[in-house]
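2 protein chains.
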Amino acid sequence: MSLRYLSARLAQQIDDELMSAAGAFSLDQLMELAGLACAQTVAKVYDSAKFNRVLVCCGPGNQGGDGLVAARHLSMFGYKTTIYMPKPGTKEIYQRLHTQCKNVDIATLPADSESLRAALASSDVILDAIFGFSFKGPIRAPFDDALPLISQSRLPIVSVDIPSGWDVEAGNEAGVGLNPDVLLSLTAPKEGVRSFRGRHFLGGRFVPKSMDEKFQLNLPAYPGYEQIVDITEAAQKL
Amino acid sequence: MSLRYLSARLAQQIDDELMSAAGAFSLDQLMELAGLACAQTVAKVYDSAKFNRVLVCCGPGNQGGDGLVAARHLSMFGYKTTIYMPKPGTKEIYQRLHTQCKNVDIATLPADSESLRAALASSDVILDAIFGFSFKGPIRAPFDDALPLISQSRLPIVSVDIPSGWDVEAGNEAGVGLNPDVLLSLTAPKEGVRSFRGRHFLGGRFVPKSMDEKFQLNLPAYPGYEQIVDITEAAQKL
Chain A
1 MSLRYLSARL AQQIDDELMS AAGAFSLDQL MELAGLACAQ TVAKVYDSAK
51 FNRVLVCCGP GNQGGDGLVA ARHLSMFGYK TTIYMPKPGT KEIYQRLHTQ
101 CKNVDIATLP ADSESLRAAL ASSDVILDAI FGFSFKGPIR APFDDALPLI
151 SQSRLPIVSV DIPSGWDVEA GNEAGVGLNP DVLLSLTAPK EGVRSFRGRH
201 FLGGRFVPKS MDEKFQLNLP AYPGYEQIVD ITEAAQKL
Chain B
1 MSLRYLSARL AQQIDDELMS AAGAFSLDQL MELAGLACAQ TVAKVYDSAK
51 FNRVLVCCGP GNQGGDGLVA ARHLSMFGYK TTIYMPKPGT KEIYQRLHTQ
101 CKNVDIATLP ADSESLRAAL ASSDVILDAI FGFSFKGPIR APFDDALPLI
151 SQSRLPIVSV DIPSGWDVEA GNEAGVGLNP DVLLSLTAPK EGVRSFRGRH
201 FLGGRFVPKS MDEKFQLNLP AYPGYEQIVD ITEAAQKL
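Protein chains in written order, with UniProt numbering: chain A, 1 to 238; chain B, 1 to 238.
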């Protein structure tokens, strides 16, 4: 039984069910677990002794919130973390998560391209939490400028769920997206990443078995008490 | 610099600051991280192959909420988890966390002593999330009956923050509390557990450095991306 790749619609449906009255999860809970999984993925692959400076790039939607949670955990893990968030989300949770980052002395870049360029020159790894599974192109300002700058930096990139700029279902057909080294899929991989051939992790160890079965996700077993599982081989066999 | 042991008042103050407008944490977030740390502590010490059946005992306060979160994670980790919660908390979050447990097929015992007795006879380990740092004796029904039953079971016990029945500051002077094998202190150990000589972990990897310094907690470094750290030796030197 192979892992199911999700359409954008199905990914949204699963998220909605988790946060429905029946699923009973709050956004705070799911974001905390998702962001922790993001931070653990960075820490798993990029040792803080060698890749200490992480630039966390956050978009305006829920994935940007995951990024803020990840930034905080990375800071607790001993990384020097900086946030690039040129278009902060408007939800109240966003402000709270950002305050939590400020409380652990994480700096946020000014929104201009020059600041991003300078920050890229003094970073060791990128966490790409710009666009998630609800992304619909085209890429709008300021991210139309930011994505090429990030790509040109040639820094290693860890993308969350769907590499930014990729279509959630068609992938990087347009060729304008980031090319991450590592991908963390949340709850289940999305159709657009079938062609991804880097290191691939799965996070979201909160999907009930009943939901796994209902949507025929065929989720793999996670090791021990980990919040992420390496699915590189499983994903590449498909 | 040795770890600081907290009075009940100081523990409350730290919690309040974390959840103040300045601290910006929501109860959902802190409970999720605390409960995950509880589940990881059980998993760290008691292998699911040998100690598969965990009875999670929840009190009516916030610690009971941590217990519910832990129960869910333990279930995701492969443990057969059962909840003993004779006096459910009234906060709305409690209902949601309980629904999440039901969604992963965790059974909740009827509230009577006979059911508890039977469940103890078919459990391998206890997670004690009955009373936390806001506990003030005497022990009221139904826990006055439950604690002796749990002790008499001679099952291994993992207690959260303060073993149930212990005074938060004076410890187990009255001799009516549980005697856990493992203790998970959250944010910092409480004065009452100075005499604890079992395996001792610390969780709550979310306390900002500024708060650590302000309250002179002298928190230890956590390893890698773990949410818990073993402080057995550090605690026993004090």
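It is possible that part of the hints are untrue.
Same chains, same label: a pair holds when it works inside one copy or across any pair of copies.
[Stated by the list, open to error] Below are the DSBU-like pairs computed for lysine-lysine, each with C-alpha atoms no more than 30 Å apart in a straight line:
| no. | residue 1 | residue 2 |
| --- | --- | --- |
| 1 | K237 | K91 |
| 2 | K44 | K209 |
| 3 | K87 | K44 |
| 4 | K87 | K237 |
| 5 | K214 | K87 |
| 6 | K214 | K102 |
| 7 | K237 | K80 |
| 8 | K80 | K44 |
| 9 | K136 | K50 |
| 10 | K50 | K91 |
| 11 | K209 | K50 |
| 12 | K209 | K102 |
| 13 | K87 | K209 |
| 14 | K237 | K44 |
| 15 | K209 | K80 |
| 16 | K237 | K102 |
| 17 | K80 | K214 |
| 18 | K102 | K80 |
| 19 | K136 | K237 |
Hints in this document: simulated from the structure, not taken from any laboratory.
So, going through the hints one by one against the coordinates:
no. : hint        : result
1   : K237 / K91  : neither (39 Å within a copy, 47 Å between copies)
2   : K44 / K209  : both (26 Å within a copy, 23 Å between copies)
3   : K87 / K44   : within (29 Å within a copy, 41 Å between copies)
4   : K87 / K237  : neither (38 Å within a copy, 50 Å between copies)
5   : K214 / K87  : neither (36 Å within a copy, 33 Å between copies)
6   : K214 / K102 : between (41 Å within a copy, 16 Å between copies)
7   : K237 / K80  : neither (36 Å within a copy, 32 Å between copies)
8   : K80 / K44   : both (16 Å within a copy, 28 Å between copies)
9   : K136 / K50  : neither (35 Å within a copy, 49 Å between copies)
10  : K50 / K91   : neither (35 Å within a copy, 45 Å between copies)
11  : K209 / K50  : between (38 Å within a copy, 23 Å between copies)
12  : K209 / K102 : between (37 Å within a copy, 12 Å between copies)
13  : K87 / K209  : between (36 Å within a copy, 28 Å between copies)
14  : K237 / K44  : within (23 Å within a copy, 32 Å between copies)
15  : K209 / K80  : between (37 Å within a copy, 14 Å between copies)
16  : K237 / K102 : neither (42 Å within a copy, 35 Å between copies)
17  : K80 / K214  : between (41 Å within a copy, 22 Å between copies)
18  : K102 / K80  : within (13 Å within a copy, 40 Å between copies)
19  : K136 / K237 : within (28 Å within a copy, 58 Å between copies)
Of the numbered hints given earlier, the model fails hints 1, 4, 5, 7, 9, 10 and 16; all others are met.
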